[in-house]
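A.B. asks: Based on these hints, arrange chains P, V and R on the given structure of chain H.
Number of protein chains: 4
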Amino acid sequence: MKNTFGASVSVTLFGESHGPEIGAVIDGLAPGIPVDEAAIAFRLSLRRPSGAISTARREGDEFRIVSGVFEGHTTGTPLCILIPNTDARSREYTKGVLRPGHADYAATVKYHGYEDYRGGGHFSGRITAALTAAGSILLDALSARGILIGTHIARCAGIDDAPFSDDLRADLKRLNTLPFAVLDEARGEEMKAAAAAAAEAGDSVGGVLETAALGVPAGIGEPWFDTLEGLLAHALFSIPAVKGVEFGAGFSISDKKGSEANDAFLLDGGKIVTRTNHNGGINGGISNGMPLVFRCAVKPTPSVSAEQRTVNLASGEEETLRVGGRHDPAIVHRARIVADSVTAIVLCDLLAQRYGTDWLGPGAGSNTGGSGS
Amino acid sequence: MKNTFGASVSVTLFGESHGPEIGAVIDGLAPGIPVDEAAIAFRLSLRRPSGAISTARREGDEFRIVSGVFEGHTTGTPLCILIPNTDARSREYTKGVLRPGHADYAATVKYHGYEDYRGGGHFSGRITAALTAAGSILLDALSARGILIGTHIARCAGIDDAPFSDDLRADLKRLNTLPFAVLDEARGEEMKAAAAAAAEAGDSVGGVLETAALGVPAGIGEPWFDTLEGLLAHALFSIPAVKGVEFGAGFSISDKKGSEANDAFLLDGGKIVTRTNHNGGINGGISNGMPLVFRCAVKPTPSVSAEQRTVNLASGEEETLRVGGRHDPAIVHRARIVADSVTAIVLCDLLAQRYGTDWLGPGAGSNTGGSGS
Amino acid sequence: MKNTFGASVSVTLFGESHGPEIGAVIDGLAPGIPVDEAAIAFRLSLRRPSGAISTARREGDEFRIVSGVFEGHTTGTPLCILIPNTDARSREYTKGVLRPGHADYAATVKYHGYEDYRGGGHFSGRITAALTAAGSILLDALSARGILIGTHIARCAGIDDAPFSDDLRADLKRLNTLPFAVLDEARGEEMKAAAAAAAEAGDSVGGVLETAALGVPAGIGEPWFDTLEGLLAHALFSIPAVKGVEFGAGFSISDKKGSEANDAFLLDGGKIVTRTNHNGGINGGISNGMPLVFRCAVKPTPSVSAEQRTVNLASGEEETLRVGGRHDPAIVHRARIVADSVTAIVLCDLLAQRYGTDWLGPGAGSNTGGSGS
Amino acid sequence: MKNTFGASVSVTLFGESHGPEIGAVIDGLAPGIPVDEAAIAFRLSLRRPSGAISTARREGDEFRIVSGVFEGHTTGTPLCILIPNTDARSREYTKGVLRPGHADYAATVKYHGYEDYRGGGHFSGRITAALTAAGSILLDALSARGILIGTHIARCAGIDDAPFSDDLRADLKRLNTLPFAVLDEARGEEMKAAAAAAAEAGDSVGGVLETAALGVPAGIGEPWFDTLEGLLAHALFSIPAVKGVEFGAGFSISDKKGSEANDAFLLDGGKIVTRTNHNGGINGGISNGMPLVFRCAVKPTPSVSAEQRTVNLASGEEETLRVGGRHDPAIVHRARIVADSVTAIVLCDLLAQRYGTDWLGPGAGSNTGGSGS
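Chains as they are written, first to last, in the working numbering: chain H, 1 to 373; chain P, 1 to 373; chain V, 1 to 373; chain R, 1 to 373.
Calculated directly from the structure, the hints in this document are not laboratory data. A few of these clues could be false.
Same chains, same names: a pair is fine if it fits in one copy or spans any two.
Calculated lysine-lysine pairs in the DSSO-like style (CA-CA distance at most 30 Å, straight line) [claimed, not checked]: (1) Lys271 - Lys257; (2) Lys271 - Lys256; (3) Lys173 - Lys95.
If we strip away everything but chain H, and leave its shape as in the complex, we get (with noise of 0.2 Å):
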């Protein structure tokens, strides 16, 4: 299936940095879902490169849904929606010279030279817009049945945000109004600084993106393959510049000791919850129904402008590249939403599937398909 994500609920993405228009289409979503193209136009906000530490392309994200949607509500066939792109300057980019760090070399092999080079073509961080138009609507649908999503940049050039504090929801509840989504602001002018810091040096900067869900309920995810973790990393990976995902403790959790990395089980109002996080929610695949934690590495944007060592297929010969073009020096605080909007897919295919294609609109429970004769 290739450029789409999703059994039950599935999204497909397509366009080119530089073509007329990028977009995503939503199959199996439940119908009735309220559309708030307000709450898309402001995620996309979140994810246009804004201010000094982002590239200087203006995009409008002008979206329209073409599809799908009807009077206000999803009608539950396909939902597609197109963003067009509007200042698109092709004449800076070159074929044939590959950038190191981007997939310039992959793609050439790949498509045999047929790929739209410009920009990145459809490997660019452009393409994002379209996930995080598809993923506010799911986001919001998971909202209504009370599970929310929120990522908070817990590292970037170096420098670590706050840990999430005990009260998970109002922490997410507010990153999720921010634009440079830390816990901790004082923490994040610094990361921001860093960032300038680089960009004026013609460099970038990484980080990591931790993300939490909560009001996941029990028992969603497969014990083999289909685990929890296993598709919330295929569809983190696509996030640009993602090189590692780990759940929970992640990587700690090999230096400690069974005793200490097993959470142990409490009752707390009879309802069964575990004292640590350490497995981030999950256990032999399977949600536990405490919240989900997880971190994204995000490497430093590729695109720099200092000199690097490269070959130009043109000429077949080895060069000097310096990057032109417009460029983020840190891409970690851009990519949160996207990294919201991934997790919003996983989980509502998963939840489709494991409670029926209504489950997330106003028809669950009131068709539970009783026999029809």
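C.D. replies: Just chains P, V and R now, with coordinates in the frame of chain H:
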């Protein structure tokens, strides 16, 4: 598709720790692949518990291939491998007491109490025997096409193995012969000692596996969703106890500058390679012809004899648990062949998608789909 | 996914006619479904050759369920059923002589000569024993939810059975007890006589199966591609020898006027029904709550002892063939339980997609995915 | 995957009859396939209503390709085609009155009343314009590999066309140029006259389409579930109004003896062929190199102006309906190009699975996956 992985070459797992048999079905295999039963037996022995730092359970692993093989070669039809369970002591397991770190609670919510709870049931690491048997056939098929996969215990109980040497091919070949797969034998002995010490204290240790795949052609994977990283991670998280997956420089790349993280392109005798491999052989979700390199964080075995707090579902009360039975103080050394197997599934699937279903067998190239009339 | 059907509830088939065992894996089943082994044995007996108009091959069909069932109920994990091949006489088959009407030629091109050619190998009707065993569990699960499936031999050797009566439920119940499933016993005797006469002449006969499914809720299926007709047909064409599938009035509807073909809507005690059922219970690819009704054209068994012209691949020459071995002069009566089984797979899959994975089991309704925290 | 078809080459449809735009996304296409926009426009014209026996709706079908094409060739990334709806007169549709023979009732149960009911919404035959546009690119790609697909109106209003001649290639080539695709023009005139007569009586007629595909290599398809018949039928039942699909001799084969139904093998200049083609080019679910031949039963258009009994969901009462709006007295002639398109999707998908994703493009053979290091 739940407990199945793969679109062109697929593997389905079934079985419970204490049921009559476990097994795997491989579909989509090229016809004519030689099936080396001795190699299967050898790889099963690498996974089998043995020695001081493994469970005392005796697993004979007498596998039978009941379909899809004829006169020593794959037929191209679904191949089913069965492994009987011969030494299952069910009386040691009791229902309702949730073992911390295990899937017991998640499973009982998912399966409403109908799950086979004995020895972890379908969640048992035992099922990886079937995965290893299936993987063995695929590893051999890849090897015949010049693709070599191997894994070392990069870290265990906080002790690091040596890194891969400059002669990666030699490293992998040697690792594939070792029961305890380390590059530095002395470090391996330290790891074993630490694991044995933990075992004596009724505890367990975790570790990190590092896998490399050599000879993977450039151009494999998709830009969105079905990225090579995403598909590998999807499958790797099926290895019980894996809580993190990272590619190339992984989480450490997030602290680098762009100018440091990028892998410069060079010409090496006319072939395009990169000087460094911080991206682990993958750009934009697609292989770039460099070795694939990735790491899996393996948590310590959750079955420890130390006292733990938990909940008894039967009584509805909290209680103290001391897990009996036979358990591993470490599984990282046994999981290594499972990492190889899972990697082989993903690569076989993607290669068959890209080059066709015959590519892994002797029919490759002989049937190019010339017009039928 | 090749030899697998189903997105939520899936069935994978494996095995060869003369291999050690054939079998099926069912994944995605709800936990807690009672598994009635006597019912499986009975349905296998309906498929088994017997009497004058079937092959003399003795098939014991001693099935074993080796996973996914615990204490008499499905666990919700993959269920594997195995059936050993006990009476396979391989010496009667020779390689290279293409049997007309069989898959021999298509198979040898596909599998490059590595296929197990004995007795049809993986193409053998024998594999439908595994399909029938799997289907039996699903048929029982559907029945517990008020969905009743049954098939009659609507035509055999040019002789028509009586049509379904006004009491479709009674018809189906009775058919499900009969070894030779006809509504009019006298017509059935004529069919048997015609088949026996063909057998004596070294020839074979075909027929038409008509299946009905009662109690299927309205609203199942998709408008495009995954239409209910499309999914049923997809699966029904797996029944060996089926060459046509039609719904409702089928091919005869193409000669009607629109005013005749349309099914008028009525209120029947408040319930919306149609006066006629020319559309076979499906409009726009989606069930409308009326009985599903469809027919499969079954070609005559291709193994006939009459002399036939063919090609010998070994010699590269044309030659004359007289197929030996034990064969059926008719299979339509045995295929009928396979039609029921295949229908059950499609319906279980679609119902589980629509209402969730628990819907077919006792957990339906008890786990509505309320917020986990 | 719902409104998507295909595992390697896939097509997703979206849009509603009276929404802003309809469209299709094709994924998995080989890079470098020339995209002939004039051919798309021509094939859209074959589907477009025109003349006396089609609806008066004016459909401009001004398509735009917004992704996946660069400098006139496919890039290998998802290709999105959009077609705006320009002449939608929504006021002619009212909600709640169930049109017999249409999806209205099934849809409202499925979508809980949130469906866009105007003009059939997502169920509208209008959506086949997107399918035709997508199919056009695939038909051209197949043609470049020697695979020729064509369809004639084998029967309409009870009038039979002439059968295919001995020169099937010439037949198909000629059919592909005709707006009303019959082999015998005189019969075509009779069909049109019969359709016009029905139109005058406020009624409609149906028919049968017969499709052939020449040049399909032997060895395509799977023995179980993903049979070539099953996959073609799966997709063909998406053509609105199709109620039956049969291959080769189809339903009539069930009245033959085995000795008559079998297709004898011959050598034709060294190539293995069959004397007859009663199996429609498919044995055991797999292509045998002979022409694929199959027929679809197309029911009469359900929109007729004759008075019909139905139910009004708003009032909850039965009532009499006379369908207004602009409708086709026949759609069989317009559906023919849709049959070609759907056939092309299935064949492209199976060929790409078997021979690899490059097979349909110029990269076929140039990239055989030699070892990457």
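A.B. asks: Would you mind marking each hint as holding or not holding in the structure?
C.D. replies: So, going through the hints one by one against the coordinates:
1. Lys271 - Lys257: Answer is within: at 27 Å inside a copy they meet the 30 Å cutoff, but 46 Å across does not.
2. Lys271 - Lys256: within (27 Å within a copy, 44 Å between copies)
3. Lys173 - Lys95: neither (44 Å within a copy, 39 Å between copies)
Violated hints amount to a single one, hint 3; each of the other numbered hints is respected by the structure.
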